[in-house]
Amino acid sequence: MSVATAETPAATPTVPVGRVTQRRVALSEWTKLRSVRSTRWALLVTLLFIIGIGLIACLVFESRWPHLSAHDRSHFRPLRANLAGVNLAQLAIGVLGVLVITAEYSTGMIRSTFSAVPKRLPVLWGKAMVFGAVVFVVSLPAVFIVFFIGQAILSGQHINIAISHPGVVRALFGAPLFLTVMGLFGLGLGAIVRNTAGGIAALAGIVFVLPPLLGILPTSFTNSVDPYLPSNAGGAIWTINPDPGTLAPWAGLAVFAAYAAIAIAIAAVLMRRRDT
Amino acid sequence: MIEVTNVTKRYGEKVAVNDLTFKVQPGIVTGFLGPNGSGKSTTMRLVLGLDAPNSGHTLVNGKPYREHAAPLHEVGALLEARSVHTGRSAFNHLLALAQTHGIGRARVTELIEMVGLQEVANKRAGGFSLGMGQRLGIASALLGDPHTVMLDEPVNGLDPEGIQWVRKLLQKLAREGRTVFVSSHLMSEMAMTAEHLIVIGRGKLIADTGVDEFVQGASKQSVRVRSPQLERLVELLAGPEVRIETVQPSVVDVYGLDSERVGTIAAEHRIVLYELSPQRASLEEAFMELTRDSLEFHTDEDSPGAEAKATVA
Numbered sequence: 236m237s238v239a240t241a242e243t244p245a246a247t248p249t250v251p252v253g254r255v256t257q258r259r260v261a262l263s264e265w266t267k268l269r270s271v272r273s274t275r276w277a278l279l280v281t282l283l284f285i286i287g288i289g290l291i292a293c294l295v296f297e298s299r300w301p302h303l304s305a306h307d308r309s310h311f312r313p314l315r316a317n318l319a320g321v322n323l324a325q326l327a328i329g330v331l332g333v334l335v336i337t338a339e340y341s342t343g344m345i346r347s348t349f350s351a352v353p354k355r356l357p358v359l360w361g362k363a364m365v366f367g368a369v370v371f372v373v374s375l376p377a378v379f380i381v382f383f384i385g386q387a388i389l390s391g392q393h394i395n396i397a398i399s400h401p402g403v404v405r406a407l408f409g410a411p412l413f414l415t416v417m418g419l420f421g422l423g424l425g426a427i428v429r430n431t432a433g434g435i436a437a438l439a440g441i442v443f444v445l446p447p448l449l450g451i452l453p454t455s456f457t458n459s460v461d462p463y464l465p466s467n468a469g470g471a472i473w474t475i476n477p478d479p480g481t482l483a484p485w486a487g488l489a490v491f492a493a494y495a496a497i498a499i500a501i502a503a504v505l506m507r508r509r510d511t
Numbered sequence: 003m004i005e006v007t008n009v010t011k012r013y014g015e016k017v018a019v020n021d022l023t024f025k026v027q028p029g030i031v032t033g034f035l036g037p038n039g040s041g042k043s044t045t046m047r048l049v050l051g052l053d054a055p056n057s058g059h060t061l062v063n064g065k066p067y068r069e070h071a072a073p074l075h076e077v078g079a080l081l082e083a084r085s086v087h088t089g090r091s092a093f094n095h096l097l098a099l100a101q102t103h104g105i106g107r108a109r110v111t112e113l114i115e116m117v118g119l120q121e122v123a124n125k126r127a128g129g130f131s132l133g134m135g136q137r138l139g140i141a142s143a144l145l146g147d148p149h150t151v152m153l154d155e156p157v158n159g160l161d162p163e164g165i166q167w168v169r170k171l172l173q174k175l176a177r178e179g180r181t182v183f184v185s186s187h188l189m190s191e192m193a194m195t196a197e198h199l200i201v202i203g204r205g206k207l208i209a210d211t212g213v214d215e216f217v218q219g220a221s222k223q224s225v226r227v228r229s230p231q232l233e234r235l236v237e238l239l240a241g242p243e244v245r246i247e248t249v250q251p252s253v254v255d256v257y258g259l260d261s262e263r264v265g266t267i268a269a270e271h272r273i274v275l276y277e278l279s280p281q282r283a284s285l286e287e288a289f290m291e292l293t294r295d296s297l298e299f300h301t302d303e304d305s306p307g308a309e310a311k312a313t314v315a
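Residue numbers (this note's numbering), protein chains in the order written: chain A, 236 to 511; chain B, 3 to 315.
Since the hints were made in silico from the structure, they are not lab data. Do not rely on the hints blindly, as some may be mistaken.
Computed from the model, here is a short list of chain B residues facing chain A with C-beta under 8 Å [to be verified]:
#, residue
1, A79
2, L97
3, A240
Take a look, some chain A residues computed to stay more than 12 Å from chain B by CB distance [unchecked claim]:
#, residue
4, L262
5, W265
6, L282
7, I291
8, S399
9, R405
10, L407
11, F408
12, G433
In this text, all values refer to a predicted model and were calculated from it rather than measured experimentally. Yeah, the Cβ is synthetic: ideal placement off N, Cα and C, and Gly gets one too.
Construct the complete structure from the given sequences, taking the supplied hints into account.
Shown next as structure tokens:
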């Protein structure tokens with residue numbers, strides 16, 4: 236505006252206005268993510284689950300070990316007990332993933348967002364990048380902390396596992412990767428249904444309700460489908476001594492990531508088309 | 003410059019915008035008027051590409067809004083309902099929007115001060131009053147120093163001081179050569195700010211005209227007559243083109259005759275007049291007249307039947 240003058244704040248000619256880029260949208264999404272309480276709460280709960288539950292499990296085994304039956308002892312898996320909290324943390328992270336997008340729809344923020352970024356898809360990519368990175372960065376140290384403290388506790392009864400044991404390092408990096416994919420899966424589901432309650436219900440249904448539901452079907456059928464369910468496939472990456480029939484660690488993670496990718500791809504197609 | 007061309011938008015069975023065509027020119031404040039539910043907000047959403055039209059198209063500064071590289075620099079918009087995450091502070095809300103365009107924190111602070119929200123900038127927007135929400139919306143609209151400003155009912159919920167401020171702001175933005183497009187369902191508000199009007203009802207264009215022409219062109223031009231011999235005068239004035247409405251027992255409004263004619267008739271028959279005054283329809287009345295048929299919901303007083311009863315023939 237050449238007519239703009241210094242006396243008019245709205246028209247200050249020095250406002251540097253640049254193009255919308257993916258990098259800028261990602262920075263904006265980072266600001267959005269860090270500036271609401273639900274993020275802090277969900278991440279705090281995630282840390283508490285991973286560390287707290289993992290340590291409690293180790294303490295219980297260590298103190299009860301002398302009194303455990305041979306059967307219980309033979310079923311004890313030091314890493315599985317140690318990472319028990321990841322099973323609950325996946326719910327907190329998945330729900331947060333849903334909220335990252337559905338809260339924009341429920342509050343009307345999405346209209347502001349899409350007015351600033353009318354091409355829309357950079358918003359979805361930006362959310363996925365930023366949220367995925369945050370989940371990984373927060374959960375990785377938690378997993379290592381609970382591993383070292385937990386194994387130190389278990390070493391009291393010499394039932395600990397060393398980090399050098401085959402597969403342990405892979406599992407310790409795998410658990411945060413699993414949570415990251417779970418968060419992205421939630422984000423994709425949330426972006427499809429655009430409604431918090433619906434998104435959480437869809438996520439909980441697929442991750443927690445579907446596996447036991449399959450149990451009513453013939454075993455031959457269940458056995459061939461079970462490993463490919465999202466949570467079972469994704470679980471392979473942070474498990475050593477897997478149950479028979481589960482997918483190989485990286486194959487399992489790939490299958491789980493494919494679920495998340497499909498959900499986000501559907502969300503992307505719908506996001507381009509739908510009215511806001 | 004905003005161009006809306008043959009735009010139709012349906013939501014299911016309901017036609018929200020019906021083959022609407024108009025242009026909004028830069029340099030003046032253009033009012034966008036219509037009763038509630040007439041399609042104003044929908045039209046604005048269509049311009050921003052938030053909703054897609056069933057047919058027709060909208061352009062902003064020559065291009066569809068979506069195709070601009072720096073959209074916030076083209077159009078700054080305040081949308082009807084709150085479009086803010088209730089759990090985020092005003093500052094962070096504006097910052098997140100600014101960052102999509104590489105706009106810095108200094109500009110965010112500047113706007114917060116300009117709209118007078120510095121006291122509450124770090125409070126959650128969910129606790130804001132309607133007026134504070136409007137101020138935040140106006141700040142976000144101006145963030146990118148846009149060529150076009152599009153505001154949906156900006157004075158809604160503002161106190162008188164805030165309303166004054168918005169009026170001055172809009173006029174200043176227009177003087178700077180920007181396109182200023184403001185919706186309202188209140189004629190009186192538009193009379194204070196707008197130079198040009200686009201009036202819609204039930205999604206259709208009713209008028210695209212200057213404010214002055216709009217009032218003059220309105221059909222409701224009357225002469226108010228107060229007289230102790232009103233009954234006699236009314237009989238003398240009666241004619242096929244003349245309609246007389248009783249305002250009070252000794253006061254009537256005469257439609258279809260000008261004040262000269264009424265005065266002459268009264269003088270010829272030696273009728274005493276206490277008052278003889280031409281009534282120019284207010285903007286409000288002109289608006290009511292024009293949108294009468296296009297109101298989504300009629301109240302009883304609005305229905306033609308009620309008016310007929312009040313007419314003295």
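message: Taking the earlier hints as the rules, which of them does this structure contradict?
response: 3, 4, 5
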